[in-house]
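Those letters in the sequence shown? Residues 0 to 70, per numbering that gives the first Met the number 0, in order.
Hints listed in this document are in silico derivations from the structure and should not be mistaken for laboratory results. For glycine and all other residues, C-beta sits at the position ideal for the given N, C-alpha and C. Any given hint could be a false lead.
So the derived label-pair ranges between C-beta atoms look like this [stated by the list, open to error]:
1. Ala18 / Lys48: 32 to 40 Å
2. Gly51 / Val16: 33 to 41 Å
3. Met0 / Asn29: 15 to 23 Å
Mimicking PhoX-like on lysine-lysine, the simulated pairs with C-alpha atoms at most 25 Å apart in a straight line are [claimed, not checked]:
4. Lys48 / Lys5
5. Lys12 / Lys40
6. Lys40 / Lys21
7. Lys19 / Lys40
8. Lys5 / Lys40
9. Lys5 / Lys19
10. Lys48 / Lys12
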Amino acid sequence: MSDYNKYVTAVNKIFEVAAKLKVNYPDNDNIALIESIEETKSAVVDGAKLFGAPQKQQAPAHTTEPQKEGA
0 MSDYNKYVTA VNKIFEVAAK LKVNYPDNDN IALIESIEET KSAVVDGAKL
50 FGAPQKQQAP AHTTEPQKEG A
């Protein structure tokens with residue numbers, strides 16, 4: 000599993016648990032804390048986009064071999 004897939008899986012689990020907590024612990028304080036976690040979702044998604052962006056590979060330096068005499 001790639002690092003990107005691990006990251007996405009972990010993030011999804013965090014927000015799944017937050018949603019379950021919101022349903023199972025409907026106290027106002029808990030809901031406020033959970034919503035503060037959910038506010039970071041857009042930043043986390045943006046981070047995933049950066050994490051999953053293909054890395055630019057540098058082109059190898061072009062070298063020319065000396066031409067053989069008589070060729």
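Results of checking the hints against the structure:
Between Ala18 and Lys48 the C-beta distance comes to about 22 Å, which lies outside the given range of 32 to 40 Å. Checked against the hint of 33 to 41 Å, the pair Gly51 and Val16 fails, with Cβ atoms roughly 22 Å apart. A hinted range of 15 to 23 Å is violated for the C-beta pair Met0 and Asn29, which are about 32 Å apart. Between the alpha carbons of Lys48 and Lys5 the distance comes to roughly 13 Å, so the proposed pair stays at or under 25 Å and holds.
Of the pairs offered as hints, the one joining Lys12 and Lys40 holds, with about 12 Å between alpha carbons and a cut-off of 25 Å not exceeded. Taking the CA atoms of Lys40 and Lys21, the gap is near 15 Å; set against the 25 Å cutoff, the hint holds. With a C-alpha separation of about 16 Å, the suggested pairing of Lys19 with Lys40 holds against the 25 Å cut-off. With a C-alpha separation of about 17 Å, the suggested pair Lys5 and Lys40 falls inside the 25 Å cut-off, and the hint holds.
Distance hint between Lys5 and Lys19 is fulfilled; the C-alpha atoms sit about 21 Å from each other, no more than 25 Å. Note on Lys48 and Lys12: the hinted pairing holds, with a Cα-Cα distance of about 17 Å set against a maximum of 25 Å.
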